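Q: So you can see what is in the structure, the chains are spelled out below.
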Amino acid sequence: MEIYPHQLLFNKDTQWNLDGGSVVGVADIERYRLPGHEKANELVFVNGRFDLNLSKFISPGLQVLALENASEHSELIEKHFGHSAEYLKDGMHALNTALMQGGAFVYVPAGVELAHPVYVYHVTDARAHDALALPRSLVFVGKNAQLQWVENFVTLGSGSSLTNQVTEVVVDTDARFYHYKLQQDSKEASLVSSTHIRQIGKSFAYAVTISLDGHIVRNNTHMVMEAEYCESHMYGIYLLQGKTHVDNHTIVDNVKPNCYSNELYKGVIGDEATGVFNGKIFVRQDAQKTNAYQSNKNILLSEGASMNTKPQLEIFADDVKCSHGCTIGRLDEEGLFYLQSRGIPEKQAKSLLLHGFTSDILEKIQLDPIREYAEESIHRRLEML
Amino acid sequence: MLKIENLQAGIEGKQILKGINLDIKPGEVHAIMGPNGSGKSTLASVLAGRENYEVTGGSVTFDGKDLLELAPEERAGEGLFLAFQYPVEIPGLSTTNFIKTAVNEVRKYRGQEALDAVGFLKYMKEKMAMMNMDQSLLSRPLNEGFSGGEKKRNEIFQMAMLEPKLSILDETDSGLDIDAIRIVSNGVNKLRGKNNSVLVITHYQRLLDYIVPDFVHVLYKGRIVKSGTKELALELEERGYDFIKNEVNVGEEA
Ligand SMILES: Nc1ncnc2c1ncn2[C@@H]1O[C@H](COP(=O)(O)OP(=O)(O)OP(=O)(O)O)[C@@H](O)[C@H]1O
Ligand SMILES: [Mg+2]
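Which chain is which? The protein sequence lines are Y and A, in order.
With this note's numbering applied, the first sequence covers 1 to 385.
With this note's numbering applied, the second sequence covers 1001 to 1254.
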């Protein structure tokens, strides 16, 4: 089953409010700040608008500007803003582009390896009204530069919300870009989160997406490798309960030869939750010697849970190494019995098995405070199962 | 210690155990031999509480308790241990963490205090020395990519850590090299005492040179068809199972 979030928009019962005079202060978001924030840059969007007052930048060299004030970078912006539209020809993306206001332009100059990560908070205020937010950013990581980018999604209040976010990232030659996305928003919060990474020189890109909560979550994660010898990694975990729906649509586009990509998504789905994985790998005619791997593994915990997975390879070159695979199964009964036979009670044995299942993805988070935070969140979630 | 009476069990409607009787007293070592597919592992699994086997008749008491009423983890707490014929690989779960959880859960069941990190480490070091267990295996994910012999060693190490009253060893010797058989047997013998019993399932007489049984039973088509002392194992080694099969099959025809 696929759910198209735009259907939400036209639900007659829902009154959407696009930044209708909401005021979000430091106190409102304090408790959502992520561990390690003392040593992080913090970029805050409120209802889709970059909020300079709530943000904090500590890294020398890092430039964060309102998109409309970034005229000194107009050449870059013209070249790269909207590139994702070639890959996302849907209404949600168009809506973001048409109505977004107050986006951000993030610039890491050549040679600047940011020691501190950038924590990005997408805050949507649904306290007084239902809310719609359309955050937009364009990130440019210059030659030999490095950026660690952590995104967190927060809906305030109990109204319904839709956050429809687009981040376009450009990674230049010998640059490294690390992206961690944390999704554990309220049960009323829906999210469309598009991350479009364009590698324009031989470079390294890395994305880990952790989805734990929300109403309907749709992730579009793209790696477009437009230069030779690019390397990209895409990992994800979704642990779903209740009626949460999480949809991961990924694209790896090999445009030039000799690129490497590795993709692994794992899901644990309980209650009446649903998941979708749709992973596309394109290997263009020019992209000889591509190495592309993709895998999606799922465990269903209940009768009512469901998962649809669809790996797709479209290969137009002849000398490539590609593999993909997917599994959907139940918790390993042999393993469960083995642990129980050693005196470990069933509930705890299940939790240990699931910890084991998710551990290799968690290990991919290379930013210690964020990995520990994700581990704790997952631990708490597994205790609840 | 363990009393099995007329135990009948099967899976998916297929009868595998057709009336097993066995009485193991404290301190005794019993060996079960028998051709492939005769039901040895099924018996071991039923005793350990594997859910997908259905018990259709008979009873099992363990130290006076109705064993069949207990969940697998409770059986472990009561002091039953099964060394698996095919130990399960659990990706992502560190062997040490697993053993620590198991030890402390079993201690909790037995009304003992949990070991703290230091206490556990000390206890584990002792048992590692006793079992010649390699540290490098313990830091790896549980059984993942272990060689056949390493898996078996790990089973016996877990046995040593959990200090069971009754250990059931299901073909622990297959896959072990000659030195490892000696080490594992020594370990088993060290745990053997006047209150600790062992049930050894094996195809080979060789193991029984090291772990000398008080009784040897032959399981065939879901029944114990012959019992004797350790000399029976020697006779089987020499003559194979045919003479027993013939006796049984003749008996069935009559
Ligand atoms: N899950 C199952 N589904 C169907 N049949 C099974 C299952 N488990 C065991 N059996 C059957 O039950 C019979 C007894 O199997 P069991 O594993 O107990 O034999 P065994 O005596 O341990 O043999 P071996 O010496 O080869 O280990 C076999 O015929 C086997 O195929
Ligand atoms: Mg067997």
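If you're looking for bench data, these hints aren't it; they were derived computationally from the structure.
Note that the structure is a prediction, hence the values are computed from the model and not measured.
We put the beta carbon where it would ideally sit given N, CA and C, even for glycine.
Keep in mind that the hints are not guaranteed to be accurate.
[Said to hold, decoys possible] Computed list of lysine-lysine pairs in DSS-like fashion (alpha-carbon distance at most 27 Å, straight line):
| # | chain 1 | residue 1 | chain 2 | residue 2 |
| --- | --- | --- | --- | --- |
| 1 | Y | K347 | A | K1100 |
| 2 | Y | K350 | A | K1108 |
| 3 | A | K1065 | Y | K347 |
| 4 | A | K1226 | Y | K350 |
[What the hints assert, rightly or not] Pulled from the structure, derived: some chain Y residues nowhere near chain A, Cβ distances all over 12 Å:
| # | residue |
| --- | --- |
| 5 | E30 |
| 6 | S59 |
| 7 | S74 |
| 8 | H129 |
| 9 | V320 |
| 10 | H324 |
| 11 | Q340 |
| 12 | P345 |
| 13 | E346 |
Q: In terms of Cβ atoms, is chain A entirely out of 12 Å range of S59 of chain Y?
A: 35 Å, holds
Q: Going straight from one Cα to the other, do K1226 of chain A and K350 of chain Y come out at no more than 27 Å?
A: 41 Å, violated
Q: In terms of Cβ atoms, is chain A entirely out of 12 Å range of P345 of chain Y?
A: Since the minimum Cβ distance to chain A is about 5 Å, P345 of chain Y lies within 12 Å and the statement is violated.
Q: Does H324 of chain Y clear chain A by more than 12 Å, comparing its Cβ with all Cβ atoms of that chain?
A: 20 Å, holds
Q: Holds or violated: are the alpha carbons of K1065 of chain A and K347 of chain Y at most 27 Å from each other?
A: The given pair, whose Cα atoms are some 24 Å apart, holds under the 27 Å limit.
Q: Does the no-contact call for S74 of chain Y survive, Cβ to all of chain A over 12 Å?
A: 48 Å, holds
Q: Is the claim that E346 of chain Y lies outside the interface with chain A correct, judged by CB distances over 12 Å?
A: 7 Å, violated
Q: Check whether the Cα positions of K350 of chain Y and K1108 of chain A lie no farther apart than 27 Å.
A: 19 Å, holds
Q: Is the nearest CB of chain A more than 12 Å from the CB of E30 of chain Y?
A: Correct as stated: the minimum Cβ-Cβ distance to chain A is 34 Å, above 12 Å.
Q: Quick check for students: does the CB of H129 of chain Y sit more than 12 Å from each CB in chain A?
A: 44 Å, holds
Q: Please work out if K347 of chain Y and K1100 of chain A have their alpha carbons no farther apart than 27 Å.
A: Satisfied, since the Cα-Cα distance of roughly 17 Å is no more than 27 Å.
Q: Taking the shortest Cβ-to-Cβ distance between Q340 of chain Y and chain A, state whether it exceeds 12 Å.
A: 4 Å, violated
The earlier numbered hints that this structure contradicts are 4, 11, 12 and 13.
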